[in-house]
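Start from the sequences, fold in the hints, and give me the full structure.
Number of protein chains: 2
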Amino acid sequence: MNQINRVAIVGGTHGNEFTGVYLIKKFNQFPYLIERPSFETLTLLGNPKAFEENRRYIDNDLNRCFKSQDLLDPTLCGYEQMRAKAIHQILGPKGKSQVDVILDLHTTTANMGLSIMLENQHPFSLQLAAYLTSMNPLIKVSWTQPNQESALLRSLCELGFVIEVGPVAQGVLNADLFAKTEKLVYVMLDYIEGYNKGLVPQTHSTLTLYEYVGTLDYPRNEKGEIQAMIHQQLQFRDYEPLNPGEPIFLTFDGKEIAYEGESTVYPVFINEAAYYEKGIAMCLTKKQQVLLRD
Amino acid sequence: MNQINRVAIVGGTHGNEFTGVYLIKKFNQFPYLIERPSFETLTLLGNPKAFEENRRYIDNDLNRCFKSQDLLDPTLCGYEQMRAKAIHQILGPKGKSQVDVILDLHTTTANMGLSIMLENQHPFSLQLAAYLTSMNPLIKVSWTQPNQESALLRSLCELGFVIEVGPVAQGVLNADLFAKTEKLVYVMLDYIEGYNKGLVPQTHSTLTLYEYVGTLDYPRNEKGEIQAMIHQQLQFRDYEPLNPGEPIFLTFDGKEIAYEGESTVYPVFINEAAYYEKGIAMCLTKKQQVLLRD
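Top to bottom, those sequences are chains A and B.
For the first sequence, my numbering assigns the number 6 to the initial residue and increments by one for each residue that follows.
For the second sequence, my numbering assigns the number 6 to the initial residue and increments by one for each residue that follows.
Fair warning: there could be bad hints in the mix.
The list treats identical chains as one, so a pair stands whether inside a single copy or across any two.
With a cut-off of at most 20 Å between alpha-carbon atoms, the simulated DMTMM-like pairs for lysine to aspartate or glutamate come out as follows [said to hold, decoys possible]:
#1 Lys-31 x Glu-230
#2 Lys-188 x Glu-45
#3 Lys-54 x Asp-64
#4 Lys-188 x Asp-258
#5 Lys-30 x Asp-258
#6 Lys-292 x Glu-251
#7 Lys-31 x Asp-258
#8 Lys-30 x Glu-45
#9 Lys-72 x Asp-105
#10 Lys-228 x Glu-57
#11 Lys-54 x Glu-230
#12 Lys-260 x Glu-230
#13 Lys-99 x Glu-154
Calculated directly from the structure, the hints in this document are not laboratory data.
Below, the structure is given as structure tokens:
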């Protein structure tokens, strides 16, 4: 792989996820914090209007607007659809992007600690992830096997990373998680600097990777209204094993609903506020050990 | 005081505070849960449109729309201003209300556990609050000395209670806090039933009351942008003593800001998401022991 010449840090792709927004403001005020000798770092506030209104989005979830066909469709003119086209002009186009790395900073109401979500299994991304988890075992890494083109902002370049930090409520800053996210960004920038200088040892032979295998929706009635909550035994237990037969939901009238899968899974995004409307009570992953190539 | 004949339970006065909304749905589905022999219980979903859109409010905070002059002002026609007038028709008018008790169910992103907020120091309210705290010492009771007419929904009747439960993110159900809120409602209804039957012993001679004495805003720049976060030593420490000189904020560039008051206070609503726009980083209270009249 060539040198990494340009890195984009994006915050506020969702307007009510404040950590990324205020980190971008901080980096703009103190640019030396993200400057490194061997590459250029740019910042981008993803959805300024949604931030102003303290909402995830105005018309559509911006982080679902980056499919090539949508970016090229002149009839799509919701606020986020147009904003995605503008961001595509700045960072894209896909396959020929103007930046080599994207760090897209998110928060979640789920207890996901510091999570890194990879766009693909590019060797550089796996090595970086392995380095991060070796530095801090609380960092978790996940990946989705693509079955169609990604609609996420990070997909604008090959080395796209989503950083999800939680639990934190929407519209709130948590000083502890803010500091941890900030530190993670610096460690990633330092790693890229080391990579460019040939100083990164490829010593990490395995990586624990959580691969997305599906989602579970809340039980709903015929009107689509949810009929149960995340069971309190599962709440805040992201990345912990969930076995068949263990409770996942509690109905409003007090009945437990058990997980009916056939094998152990590792749920993430448990009780994420923004996913109620998407029909997702939690995402399911399988825990894998990945052998890294030298 | 006369018998209590009608009690209103209100949920979803703020559309993204789900606990109250889903409790109202549950009570409507299983009305026997809130029926008691000696009085009628009605339910009300405060802001259905805001709930549909998963927002606190559409045009204005509904829970600031209940001043008499606003309720009578025909030129106010925002969604919540009109909704307040409709609720005023159902529950009010102030001073001659159609219900004797209002329980208005809220949630907060602050760590306020189970909090009861009184409209006034009516002996019945104080006795009920004293009973609740004697049953569960984790229940906290607060009160605001009025300096002007209340704009809150609970002010539609004399025995108005706001129940604030947290920490829980907006747009999320937490099964544990849902169950605790539900149980608290039943205990309050049972107390009213006992009161009507003359079975409530007035044995509680003192009550710990947190009286509101002011608010603190985030440090802001000339554009109004916040420049600091709640200090991590204060985060989630609602109802704990805060002494002069102790840190309350951490600026984005890492400087601690100390509390500059002259005496110990007990902050509440620390880092409530909905209060960023109101210029409130926390509310300050003084802890008092109130002697109850027999």
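We went through each hint and held it up to the structure:
no.	hint	verdict
1	Lys-31 x Glu-230	between (41 Å within a copy, 12 Å between copies)
2	Lys-188 x Glu-45	within (19 Å within a copy, 57 Å between copies)
3	Lys-54 x Asp-64	both (11 Å within a copy, 17 Å between copies)
4	Lys-188 x Asp-258	between (44 Å within a copy, 13 Å between copies)
5	Lys-30 x Asp-258	between (46 Å within a copy, 11 Å between copies)
6	Lys-292 x Glu-251	within (18 Å within a copy, 44 Å between copies)
7	Lys-31 x Asp-258	between (47 Å within a copy, 8 Å between copies)
8	Lys-30 x Glu-45	within (17 Å within a copy, 54 Å between copies)
9	Lys-72 x Asp-105	within (19 Å within a copy, 57 Å between copies)
10	Lys-228 x Glu-57	between (33 Å within a copy, 13 Å between copies)
11	Lys-54 x Glu-230	between (30 Å within a copy, 15 Å between copies)
12	Lys-260 x Glu-230	within (17 Å within a copy, 46 Å between copies)
13	Lys-99 x Glu-154	within (11 Å within a copy, 58 Å between copies)
In terms of the numbered hints stated before, the structure departs from none.
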